[in-house]
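Can you make the complete structure from the sequences, with help from the hints?
There are 2 protein chains.
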Amino acid sequence: MKKYIIGVDIGGTHTKVALLDLSGHILHKTDFLTKNYKSERLIKAVFLAVESIIEKKNIRKRDILGLGIGLPGLVDFKKGLVFCLTNIPGWKNVALKRILENKIGLPVFVDNDVKIMAMGELRFGAGKGYKNIICMTLGTGVGGAVIIDGNLYRGSSLVAGEIGHIPINEAGPSCDCGSSGCLEAYVGREYFLNNARKRLRNAPSAAVMKMTKGDISLLTPEILREAAVKGDRFSKEMWREMGLHIGNALAGVVNLLNPQIIIIGGGMAGAGEVLFGSIRKAVAKKSMRLPGRAVKIVRARLGNDAGVIGAAEIVKDNIGVRP
Amino acid sequence: MKKYIIGVDIGGTHTKVALLDLSGHILHKTDFLTKNYKSERLIKAVFLAVESIIEKKNIRKRDILGLGIGLPGLVDFKKGLVFCLTNIPGWKNVALKRILENKIGLPVFVDNDVKIMAMGELRFGAGKGYKNIICMTLGTGVGGAVIIDGNLYRGSSLVAGEIGHIPINEAGPSCDCGSSGCLEAYVGREYFLNNARKRLRNAPSAAVMKMTKGDISLLTPEILREAAVKGDRFSKEMWREMGLHIGNALAGVVNLLNPQIIIIGGGMAGAGEVLFGSIRKAVAKKSMRLPGRAVKIVRARLGNDAGVIGAAEIVKDNIGVRP
Chain A
1 MKKYIIGVDI GGTHTKVALL DLSGHILHKT DFLTKNYKSE RLIKAVFLAV
51 ESIIEKKNIR KRDILGLGIG LPGLVDFKKG LVFCLTNIPG WKNVALKRIL
101 ENKIGLPVFV DNDVKIMAMG ELRFGAGKGY KNIICMTLGT GVGGAVIIDG
151 NLYRGSSLVA GEIGHIPINE AGPSCDCGSS GCLEAYVGRE YFLNNARKRL
201 RNAPSAAVMK MTKGDISLLT PEILREAAVK GDRFSKEMWR EMGLHIGNAL
251 AGVVNLLNPQ IIIIGGGMAG AGEVLFGSIR KAVAKKSMRL PGRAVKIVRA
301 RLGNDAGVIG AAEIVKDNIG VRP
Chain B
1 MKKYIIGVDI GGTHTKVALL DLSGHILHKT DFLTKNYKSE RLIKAVFLAV
51 ESIIEKKNIR KRDILGLGIG LPGLVDFKKG LVFCLTNIPG WKNVALKRIL
101 ENKIGLPVFV DNDVKIMAMG ELRFGAGKGY KNIICMTLGT GVGGAVIIDG
151 NLYRGSSLVA GEIGHIPINE AGPSCDCGSS GCLEAYVGRE YFLNNARKRL
201 RNAPSAAVMK MTKGDISLLT PEILREAAVK GDRFSKEMWR EMGLHIGNAL
251 AGVVNLLNPQ IIIIGGGMAG AGEVLFGSIR KAVAKKSMRL PGRAVKIVRA
301 RLGNDAGVIG AAEIVKDNIG VRP
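Protein sequence lines correspond, in order, to chains A and B.
Per the working numbering, the very first residue in the first sequence carries number 1; after that it's consecutive.
Per the working numbering, the very first residue in the second sequence carries number 1; after that it's consecutive.
Keep in mind that the hints were calculated from the coordinates and are not lab data.
Virtual Cβ for every residue (Gly too), placed ideally from N, Cα, C.
Treat the hints with care, since some could be wrong.
Under the rule of at most 20 angstroms between Cα atoms (straight-line distance), these lysine to any residue pairs were calculated in the SDA-like manner [as the list claims (entries may be wrong)]:
(1) Lys-56(B) to Lys-103(B)
(2) Lys-285(A) to Val-159(B)
(3) Lys-285(A) to Ser-157(B)
(4) Lys-131(B) to Val-159(A)
(5) Lys-78(B) to Gln-260(A)
(6) Lys-281(A) to Arg-240(A)
(7) Lys-198(B) to Lys-213(B)
Just so you have them, the derived chain B footprint on chain A, three or more residues with Cβ under 8 angstroms [claimed, not checked]:
(8) 142-148
(9) 158-164
(10) 167-179
(11) 221-227
Right, dumping it as structure tokens:
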């Protein structure tokens, strides 16, 4: 009898709900705007999306092994408790697992989105075949996950993986976390854009000014990416510098953990080769010979589907289905 | 029938050879100056020390489970091959395991001294009862070892743990490893002393000048420790600054790996509270709240015996005796 899993990816912008088979294939997918549903209503929206998929695909609930959910924030994955979410207001200590299990009558498992992305990449993406992996996401924040010996390493208080808060300078810009000099304070979305805006005020780039119609408050990473692709020197330099900061932080991670592969995803990883080339160059320059040569640095492969695919994997892990 | 293990600790200065029981107790110990024996002759000296212990304690060779050796350098612990040793000339690709096994007729296991110190501290020292541990040694170099889930984590090319080569600044002093800004380039023995000498030339400290008889080329960490204990402001500041650099590097490690405990040993850890207080303060300031509060930072407990105790542990691990 064919069995299924539901994967849910609650993002700052979109919430995706998918039906998958046990091999990580997406059989059906739907999504809606997260901001349209506040707090408890978002839970109901997920519930309705799941019920609608079950009906549409005409499958029996008892053939669904469970539902996995990834969220961008601090999550107690053991208790299925959401402490708070980044960029999604109205969530504070929500017992998501219990609430959804009562509604839906299926086992529910909850985890942080970067940990879930890492599980997806490990099993079906760029991490397939590797055992010691560093995952990193570049977006509003800089997220991370450490996979040791094929398992997600969670640390002693379940908060391991904060690559974004490795200090890259002893004296540096202050960071949202309360410290200073953190990688995120150089390359997090807003820090990166504010830095670009400051420079544009002093020396405007014609290409970027045209694309923002002269209003640099409208600047986005997508504009800087597009301008870089078109050869804009200023934009290319911005991405190169971002790569240098990331590479300097990763050199320390490479020397400490000697990973086989570093997988980088998230919206800002879309900048592509101008960014990745610079990251690789900095890691090669700053890390020790042996671990520096051993490590591959690649872009995440599952893209937008990483969230729902990874979410399905945590269901398998939790109910003991062999990967 | 009582069983034994031989632990050997080859250091830059002393080589220690000890007979231990399976509970990590040292039953007999002997040592000699490493520099008195060059390369292959050092192997013979170890062999003779072992034979002498066996005779002195009147035990049968077949009751000795094996011999473990720790060395300060790059070691292939699987093959028992020593690539090269720090501060001990004349060792290049020595098949130590094979040579000693042929001589001595016992199973021999070889590993890097910091990894071995970490195993000793994990089983019988400051790491007892913990599972996720960072070990660090402060000496000529800054060594490290990562213990994950109670096991030594070796990394994908067996070179994980290089805490000394985490960059703490993007632009910084050049390091012996070929990179720049590494922690070791701030706090390794010679870097630390040269820095102190430079400052003493500009502003001599009466206490230190007296202890070096006015010749600061004779400055040692021991002198700076002693002067700090006596209240010398300059020496205290040197140790505080060292602690700040170490703490800044460890803050990144704490955020990335969320360890339960960080154990710091090695000659320069002898500076004690002036150093450790400063390390703890910097980690508290620079790391995130949850992992920063979770981690303990303590001095290694086994001291001079860590090497032989840890060496005995790797024998137990390799021949499958339960720890």
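Hints versus structure:
1. Lys-56(B) to Lys-103(B): Holds: Lys-56(B) and Lys-103(B) sit about 19 angstroms apart, inside 20 angstroms.
2. Lys-285(A) to Val-159(B): This hinted pair holds, its Cα atoms lying about 17 angstroms apart.
3. Lys-285(A) to Ser-157(B): The given pair, whose Cα atoms are some 18 angstroms apart, holds under the 20 angstroms limit.
4. Lys-131(B) to Val-159(A): holds, 15 angstroms
5. Lys-78(B) to Gln-260(A): holds, 19 angstroms
6. Lys-281(A) to Arg-240(A): With a Cα-Cα distance of about 10 angstroms, the restraint between Lys-281(A) and Arg-240(A) holds, given a limit of 20 angstroms.
7. Lys-198(B) to Lys-213(B): Holds, because 17 angstroms separates the two Cα atoms, which is no more than 20 angstroms.
8. 142-148: holds (count 3)
9. 158-164: Since three or more residues must qualify, the claim that chain B covers the segment 158-164 of chain A holds, with 6 doing so at under 8 angstroms.
10. 167-179: Per the Cβ count (7), the hint holds.
11. 221-227: violated (count 0)
Hint 11 alone, counting from the list given before, is not met by this structure.
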